[in-house]
Amino acid sequence: MFYIFCPYCDEHREEEEFHPKGQAHLSRPADPDACTDEEWGNFIYFRDNPRGIHHEIWVHAIGCRKFFNVTRDTQSYEILESYRMGSAPRITQLTDKQQS
Amino acid sequence: MTQFNRLDNGGRIDRSKLLSFEFNGQRYKGFAGDTLASALLANGVDVIGRSFKYSRPRGIVAASAEEPNAVFQLGATEATQVPNVRATQQELFDGLVSQPTSGWPSLSFDFMGVFGTLLGRMLPPGFYYKTFMFPQAAWDTYEKYIRKAAGLGRSPREPDVDTYDHLNHHTDVLIVGAGPSGLSAALSAARAGARVILADEQAEMGGSLLDSNDRLDDKPAAEWVKATLEELARYDNVLLLPRATVNGYHDHNFLTIHERRTDHRGDRAPANLSRQRLHRVRAKWVVLATGAHERPLVYGNNDLPGCMLASAVSTYINRYAVVPGSRLVLMTTNDNAYRTAFDWQDAGREVVAIVDTRAYVTGAWQEEAERRGIKVLKGKAVIEARGGQRVTGALVTGLTTDGNKVAGDSQLLRCDTLASSGGWSPVVHLSCHTGSRPVWDDDVIGFLPGKTVQRQLVAGAVNGRFALDDCLTDGASIGAEAATNAGFPAEPAIVPSARTRPETRAMALFCIPHHKRNSRAPKQFVDFQTDVTAAAIELATREGFESIEHIKRYTAMGFGTDQGKLGNINGMAVAAKSLNQTIPQTGTTIFRPNYTPVTFGAIAGRHCNDLFDPMRYSAMHEWHVKHGAKFEDVGQWKRPWYFPKPGETMQQALDRECLATRESVGVLDASTLGKIDIQGKDAREFLGRAYTNAWAKLPVGKCRYGLMCKEDGMVFDDGVTSCMGENHFVMTTTTGGAAGVLEWLELYHQTEWPELEVYFNTVTDHWATMTIAGPNARKLLAELTDDIDLDKDNFKFMDWRQGTVAGVPARVFRISFTGELSYEINVQANYGLHVWEKLFEHGAKYNLTPYGTETMHILRAEKGFIISGQDTDGSVHPYDLGMSWAVKEDKPFSFIGKRGMKREDCVRENRKQLVGIKTKDPSIVLPEGAQAVDDPNHPVPVPMLGHITSSYYSACLGRSIAMGVIKGGHNRMGDTVHYPLTDGRVVEAEICSTIFLDPKGERQNV
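Chains as they are written, first to last, in full-length UniProt numbering: chain A, 1 to 100; chain B, 1 to 1006.
Bear in mind the hints are in silico, worked out from the structure with no lab data behind them.
Model, not experiment: these values are computed from the prediction.
Accuracy of the hints is not assured; some may be wrong.
[Stated by the list, open to error] Sample of chain B residues lacking proximity to chain A, with all beta carbon distances greater than 12 Å (derived):
{"id": "1", "residue": "Asp162"}
{"id": "2", "residue": "Gly248"}
{"id": "3", "residue": "Asn253"}
{"id": "4", "residue": "Gln389"}
{"id": "5", "residue": "Thr434"}
{"id": "6", "residue": "Met507"}
{"id": "7", "residue": "His857"}
{"id": "8", "residue": "Gly900"}
[Unchecked claim] Each computed PhoX-like pair below joins lysine-lysine, with the alpha-carbon atoms no more than 25 Å apart:
{"id": "9", "chain 1": "B", "residue 1": "Lys375", "chain 2": "A", "residue 2": "Lys66"}
{"id": "10", "chain 1": "B", "residue 1": "Lys898", "chain 2": "A", "residue 2": "Lys21"}
{"id": "11", "chain 1": "B", "residue 1": "Lys845", "chain 2": "B", "residue 2": "Lys779"}
{"id": "12", "chain 1": "B", "residue 1": "Lys967", "chain 2": "A", "residue 2": "Lys66"}
{"id": "13", "chain 1": "B", "residue 1": "Lys702", "chain 2": "B", "residue 2": "Lys779"}
{"id": "14", "chain 1": "B", "residue 1": "Lys863", "chain 2": "B", "residue 2": "Lys967"}
{"id": "15", "chain 1": "B", "residue 1": "Lys898", "chain 2": "B", "residue 2": "Lys920"}
{"id": "16", "chain 1": "A", "residue 1": "Lys21", "chain 2": "B", "residue 2": "Lys516"}
{"id": "17", "chain 1": "B", "residue 1": "Lys17", "chain 2": "B", "residue 2": "Lys226"}
[Said to hold, decoys possible] Label pairs and their computed distance ranges (CB to CB):
{"id": "18", "chain 1": "A", "residue 1": "Gly41", "chain 2": "B", "residue 2": "Trp753", "range": "19 to 27 Å"}
{"id": "19", "chain 1": "B", "residue 1": "His627", "chain 2": "A", "residue 2": "Pro50", "range": "51 to 59 Å"}
{"id": "20", "chain 1": "A", "residue 1": "Arg65", "chain 2": "B", "residue 2": "Ile590", "range": "34 to 42 Å"}
{"id": "21", "chain 1": "A", "residue 1": "Arg65", "chain 2": "B", "residue 2": "Val439", "range": "38 to 46 Å"}
{"id": "22", "chain 1": "B", "residue 1": "Lys967", "chain 2": "A", "residue 2": "Met1", "range": "44 to 52 Å"}
{"id": "23", "chain 1": "A", "residue 1": "Gly86", "chain 2": "B", "residue 2": "Ala508", "range": "52 to 60 Å"}
{"id": "24", "chain 1": "B", "residue 1": "Glu743", "chain 2": "A", "residue 2": "Pro50", "range": "19 to 27 Å"}
{"id": "25", "chain 1": "A", "residue 1": "Met1", "chain 2": "B", "residue 2": "Gly363", "range": "48 to 56 Å"}
{"id": "26", "chain 1": "B", "residue 1": "His627", "chain 2": "A", "residue 2": "Arg47", "range": "44 to 52 Å"}
Glycine included, each C-beta is placed from N, C-alpha and C at the ideal position.
Given only the sequences and the hints, what does the whole structure look like? Please build it.
Here is the structure:
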């Protein structure tokens, strides 16, 4: 069970308080009506499934109800950082130490 | 029965407390401090079960968690049955009742045992896959007998009478195992002030120090254990958990501990105590001091009762004062096991010989054996055990120096106990639980914990440091390191000296060769619990299984409730040899939680019965109960389903409720509908983006129905939203969808449109909502309010008004889900019951009738109103529902779902569309889910057109009505379709409009 740092509450809480909401940093196309079917299909259906670094959205559902991002290693399940919505991740690749 | 294997002196048992217990219908005696296993051995019980596949007699092999055979069913009553209890871990109590789980039809005469020799050759690995797959239908029959013969225990047929607790902890250092390493680690960490939890699976802490004659600083080791535990118990920052198995090591240093608080006291827990606890621990640092399990050697007939682990024999002698036989042959690959022969001799029984597989070995241990006059046969091995129900002899033959082949003549040694040791395997299980692969070490001759991302340290034998001195010092320094890492600078505790005897290098040998090929030799068992032999593993490799994970699944090695603790490494060694590769090349399977079986009670804790899931009640619930309502679960809500009068069937009640509402007035408790309060200057803009229809011009005081879609254009919720003020709306959602809708709105606000100033809050529980519907609704409401103008032109359909109802501030919405004149009265929740009762006080003269969700469903279906989640299933867009009127395509902002519903698949011909369905025979009510076809006589597969989503008997119309989806249904009005049912009937029906009653909507506009 994960131990997740909520960047709004500023503390670690148990996974039971959170819901995962999938891949982060996907923005809704500014003009959906101008999208081709393929572009729209990619936006609503297709997600990355990386081995390693994954940026994903979680919501502190049974807490402050804020959505935020985490950077997680999908192999080790380590959470490397939590950061607020609208900011960029600091960690974008695994260091040698983390690559085990 | 006498305890004829019991010694007069020694051991950690209390001879003054004689306990009586039952095994397999026989009564025996043991002492306080015994385990069930030690007591059975004391009584000379050899055969304690029959094996899984071959039904061979089996005895106790080990003394702790790795025991594969003595796995029993416990419980004196039906309600206290517990399967899968290892007798080696079950403390004895007076009145204990146990049964073997295997041995059908009986332990002494075994059906399978008689035929097992015949069947033996017919049961190769993969036998079940190969034999019982066809015909598939017969599997049910096979399975019943296979399970019966297999002996897996059974669950109780009555509810558990005990209670169980969950406890949550945060700790600085969690130490797993209270042997020499764990105790020293605890001393270091505790003295530094760190919060320490020390958990150990045994009743007494001390681990191997309790099983041996080791001395620390020239005093019995048990004295140091006692002093250490006394010191630890004095610290407020230390929690000692005996009888507590750390069963799972989960992500982010979360560990689960299964503590058995009363299993040693009786069949069921005393009234004031919970039987077991599940501790859920978030630890800053974890120290694994889990020790090591001895590996048996694999040889012919090594499963005969009397074949045991060397260390287990020592444990029974030293800790329980039980010598499980009279003549011992010990086979070993290492010096350490010599102590078993010495313990045996010290107990006054005969050591026939030590058979050492190493040809050239001289050292302190061999000298000691010589001094004691014990014969040591070097460079030899026991290639098979002889005997029927118990070992009677050991066949000893010379080995080549590499241990690969037998060499020279054989001799038969007469004995009744055959102990073996192939070295020690570190207990790496917990370190594997989060995905770390263990690493082979040639010096240790075993797997060590691998690299991990957890904040985990390992100390002592689990790290391959087997010597007692090493365990103590390693534990002390690792304990200090863990505390320091957790923020409590610590020094390693000073630990006593053990002065251990130096050991000569052990031999890496796992399976003893035989004169015959393994496939022809007497069975050499690798995994006792699943009856996997060395020959079976070799066969699996010959059949092409090369990955150890595949070999495991094909042979079932390690699949038992013991997870192959005893046999896995031997199995990997056999596979490696057969594949002509090394053990590290072969690799290991991965251990998973739980380390030993956990009761469902402990997992459930208090989350059962009434506390299984939260239950939500409306403010009028008490009234509903008093008036005989039947309830339906909607999400966590208990909603009145219908209100039967005495003697009424459900259908009679529904008919009465429907007619009363349409003829006069009915009332529904609608409090459970989700209510979301939305405020902010951009609230209106936000609604326009979230709903498919227009919100820009909705005036204050008006309500509007809306559909909500996901980005794929499919409907996911609906409801009425009312404008309370220019910047203030109240949205209603379906009862089950409330939380999901709120989270959905927040997601879009927080991630996509944070620039919009809008705030959401759930107010579902703040309001009690009662819907009065029917021609007399206005008259009834007029009696309860004097400040709301109910005139039909001043308070129109889809208006809402603030005022007073029954003396209470209220919001009244003129909306209708029934097609009748209808008012939805919302009052502060704690006034709900008062207003509800006032309604009935005044409503009696109008025959005011309460109705539940079922009548609500019928009344809305008569009007063709959809229920999101019943008539929609995530694959239906508003056009499929015929609700294009609820989609405003020319809104300036591309609302959620707009682009989605324009996708190629969403605009194609022949989509499934919602229509009304009338059966030709008006008395037949189609089952929901029934499939529509054009031609019921079409050869299989028959093309499916769609299915029924809602279906009821309508008393108002005097016939059945239904809604369903039909391919291209909107253009097929009047067509006939057929519904073949599971009972063989084919029901003919006509496609029609979904609006069955009052198509012009005249009833609500009055």
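Hints and how they fare:
no.	hint	in the structure
1	Asp162	holds, 25 Å
2	Gly248	violated, 10 Å
3	Asn253	violated, 7 Å
4	Gln389	holds, 48 Å
5	Thr434	violated, 7 Å
6	Met507	holds, 33 Å
7	His857	holds, 30 Å
8	Gly900	violated, 7 Å
9	B:Lys375 / A:Lys66	violated, 75 Å
10	B:Lys898 / A:Lys21	holds, 22 Å
11	B:Lys845 / B:Lys779	holds, 11 Å
12	B:Lys967 / A:Lys66	violated, 42 Å
13	B:Lys702 / B:Lys779	holds, 22 Å
14	B:Lys863 / B:Lys967	holds, 22 Å
15	B:Lys898 / B:Lys920	violated, 38 Å
16	A:Lys21 / B:Lys516	violated, 61 Å
17	B:Lys17 / B:Lys226	holds, 22 Å
18	A:Gly41 / B:Trp753: 19 to 27 Å	holds, 23 Å
19	B:His627 / A:Pro50: 51 to 59 Å	holds, 58 Å
20	A:Arg65 / B:Ile590: 34 to 42 Å	holds, 38 Å
21	A:Arg65 / B:Val439: 38 to 46 Å	holds, 45 Å
22	B:Lys967 / A:Met1: 44 to 52 Å	holds, 46 Å
23	A:Gly86 / B:Ala508: 52 to 60 Å	holds, 59 Å
24	B:Glu743 / A:Pro50: 19 to 27 Å	holds, 25 Å
25	A:Met1 / B:Gly363: 48 to 56 Å	holds, 49 Å
26	B:His627 / A:Arg47: 44 to 52 Å	holds, 51 Å
Of the numbered hints stated above, those contradicted by the structure are hints 2, 3, 5, 8, 9, 12, 15 and 16, listed in ascending order.
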